[in-house]
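Spelled out, the chains give:
2 protein chains.
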Amino acid sequence: MRASLPLNEFDRETKANERPGDHKGELRLWLRMLTCATLIEREVRQRLREEFQITLPRFDLMAQLEKSPTGMTVGEVSQRLMVSNGNVTTVVTGLVEEGLVDKRPAPHDKRVQIISLTAAGRKLFRIMAACHEEWIAELLAGLSDEDVVLLMIQLKKTKASIQQAMKSHATDA
Amino acid sequence: MRASLPLNEFDRETKANERPGDHKGELRLWLRMLTCATLIEREVRQRLREEFQITLPRFDLMAQLEKSPTGMTVGEVSQRLMVSNGNVTTVVTGLVEEGLVDKRPAPHDKRVQIISLTAAGRKLFRIMAACHEEWIAELLAGLSDEDVVLLMIQLKKTKASIQQAMKSHATDA
Numbered sequence: 020m021r022a023s024l025p026l027n028e029f030d031r032e033t034k035a036n037e038r039p040g041d042h043k044g045e046l047r048l049w050l051r052m053l054t055c056a057t058l059i060e061r062e063v064r065q066r067l068r069e070e071f072q073i074t075l076p077r078f079d080l081m082a083q084l085e086k087s088p089t090g091m092t093v094g095e096v097s098q099r100l101m102v103s104n105g106n107v108t109t110v111v112t113g114l115v116e117e118g119l120v121d122k123r124p125a126p127h128d129k130r131v132q133i134i135s136l137t138a139a140g141r142k143l144f145r146i147m148a149a150c151h152e153e154w155i156a157e158l159l160a161g162l163s164d165e166d167v168v169l170l171m172i173q174l175k176k177t178k179a180s181i182q183q184a185m186k187s188h189a190t191d192a
Numbered sequence: 020m021r022a023s024l025p026l027n028e029f030d031r032e033t034k035a036n037e038r039p040g041d042h043k044g045e046l047r048l049w050l051r052m053l054t055c056a057t058l059i060e061r062e063v064r065q066r067l068r069e070e071f072q073i074t075l076p077r078f079d080l081m082a083q084l085e086k087s088p089t090g091m092t093v094g095e096v097s098q099r100l101m102v103s104n105g106n107v108t109t110v111v112t113g114l115v116e117e118g119l120v121d122k123r124p125a126p127h128d129k130r131v132q133i134i135s136l137t138a139a140g141r142k143l144f145r146i147m148a149a150c151h152e153e154w155i156a157e158l159l160a161g162l163s164d165e166d167v168v169l170l171m172i173q174l175k176k177t178k179a180s181i182q183q184a185m186k187s188h189a190t191d192a
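Respectively, the protein sequence lines represent chains A and B.
Per my numbering, numbering through the first sequence is continuous, rising by one, with the last residue being 192.
Per my numbering, numbering through the second sequence is continuous, rising by one, with the last residue being 192.
If you're looking for bench data, these hints aren't it; they were derived computationally from the structure.
Any given hint could be a false lead.
Since the list gives no way to pick out one identical chain from another, each pair is judged satisfied if it fits inside one copy or across any two copies.
With a cut-off of at most 20 Å between alpha-carbon atoms, the simulated EDC-like pairs for lysine to aspartate or glutamate come out as follows [unchecked claim]:
1. Lys-43 / Asp-121
2. Lys-129 / Glu-117
3. Lys-129 / Glu-95
4. Lys-175 / Glu-165
5. Lys-186 / Glu-157
6. Lys-186 / Glu-70
7. Lys-176 / Glu-69
8. Lys-175 / Glu-116
9. Lys-186 / Glu-117
10. Lys-122 / Asp-79
11. Lys-129 / Glu-157
All of these numbers come straight from a predicted model, not from anything done at the bench.
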């Protein structure tokens, strides 16, 4: 990939000379990425429902809690999952009712609620996570190891580009 | 890319010899793709709300209708957008109230409702679509033309892999 850097620089210049307003290439790229992500997400959602009778938001929330043995606040989870506090609270309520998540006041501040996985929740999550990993591998089985590495590099650039643009936009506003 | 095909074949064999159950690479790839897609979608959703006071589901529905001058049924839209009929109906109701979408019985079968953009809806959508294209180009500005082409090729393989796996899964079930 390194060898192609000078060409990238050249392309960037060419791009600057493009007819203004012609960004069909980037639009097509975005739509293709969105299709891939939507297909995988829909498949994972369906398999979680069929095999574990669990919704994707519940699985995603358990995945966050699994990474944090000391628990998290609703605000922290909401930020990580990029969804509203209200949505997190609804999902937490369901998981507490099923005995998979525990909710208790923080030791240092009783007004703050700390949520964490129960032992049963942790056990179930690990089984689901192993299946989830298998499903993803199955869905991406048509990619060689080389494809996976190439995509990882290209998507890292993509993520950096998005974050840079979001930062500039926030500053402009 | 063609020159690397034999290597791909070799990789596939290597992969078959991997420790079973080790699919961290594919999982990381999926999580990175999901992050990119979520970041772009969140940004588009926010800008549509701020600049046009419109929700993303309404924009997506208008985008489908714009491609079909003779209109579509709720079932057709629902299939294209991969969401439920009920959700489509809710979004359509809001757009009809705002005068952006028209809903009328099909000429050949009065029980079937055909939805289409009104002249006002079409005009507004074209303005929004031009902005949307600019936003995507801005978010992906860190990618060279070469990066865009590489990603298009890799995501085409990804989409084919997902569709193949979904087909096999459906046959197994």
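Right, here's what the structure says about each hint:
In this assembly of identical chains, Lys-43 and Asp-121 lie within 20 Å of each other by CA distance neither inside one copy nor across copies; the values are 49 Å within and 29 Å between. Taking the shortest alpha-carbon separations for Lys-129 and Glu-117, neither the intra-copy value of 24 Å nor the inter-copy value of 47 Å comes in at or below 20 Å. Only within a single protomer do Lys-129 and Glu-95 lie at most 20 Å apart by alpha-carbon distance; the minimum there is 17 Å, versus 52 Å between protomers. In this assembly of identical chains, the alpha carbons of Lys-175 and Glu-165 lie at most 20 Å apart whether taken from the same copy (15 Å) or from different copies (15 Å).
In this homomeric assembly, Lys-186 and Glu-157 come within 20 Å of each other (Cα to Cα) only across copies, at 11 Å, whereas the closest approach inside a single copy is 36 Å. Taking the shortest alpha-carbon separations for Lys-186 and Glu-70, only the inter-copy value of 18 Å comes in at or below 20 Å, while the best intra-copy value is 41 Å. In this assembly of identical chains, the alpha carbons of Lys-176 and Glu-69 never lie at most 20 Å apart, being 36 Å within a copy and 27 Å across copies at closest. Within a single copy, Lys-175 and Glu-116 get their C-alpha atoms no closer than 39 Å, and across copies no closer than 43 Å, so neither meets the 20 Å cut-off.
Proximity of Lys-186 to Glu-117 under the C-alpha cut-off of 20 Å is found in neither arrangement, the shortest distances being 40 Å within a copy and 34 Å between copies. Taking the shortest alpha-carbon separations for Lys-122 and Asp-79, only the intra-copy value of 17 Å comes in at or below 20 Å, while the best inter-copy value is 38 Å. Proximity of Lys-129 to Glu-157 under the C-alpha cut-off of 20 Å is found in neither arrangement, the shortest distances being 45 Å within a copy and 45 Å between copies.
Comparing the model with each earlier hint shows violations of hints 1, 2, 7, 8, 9 and 11; every other hint is respected.
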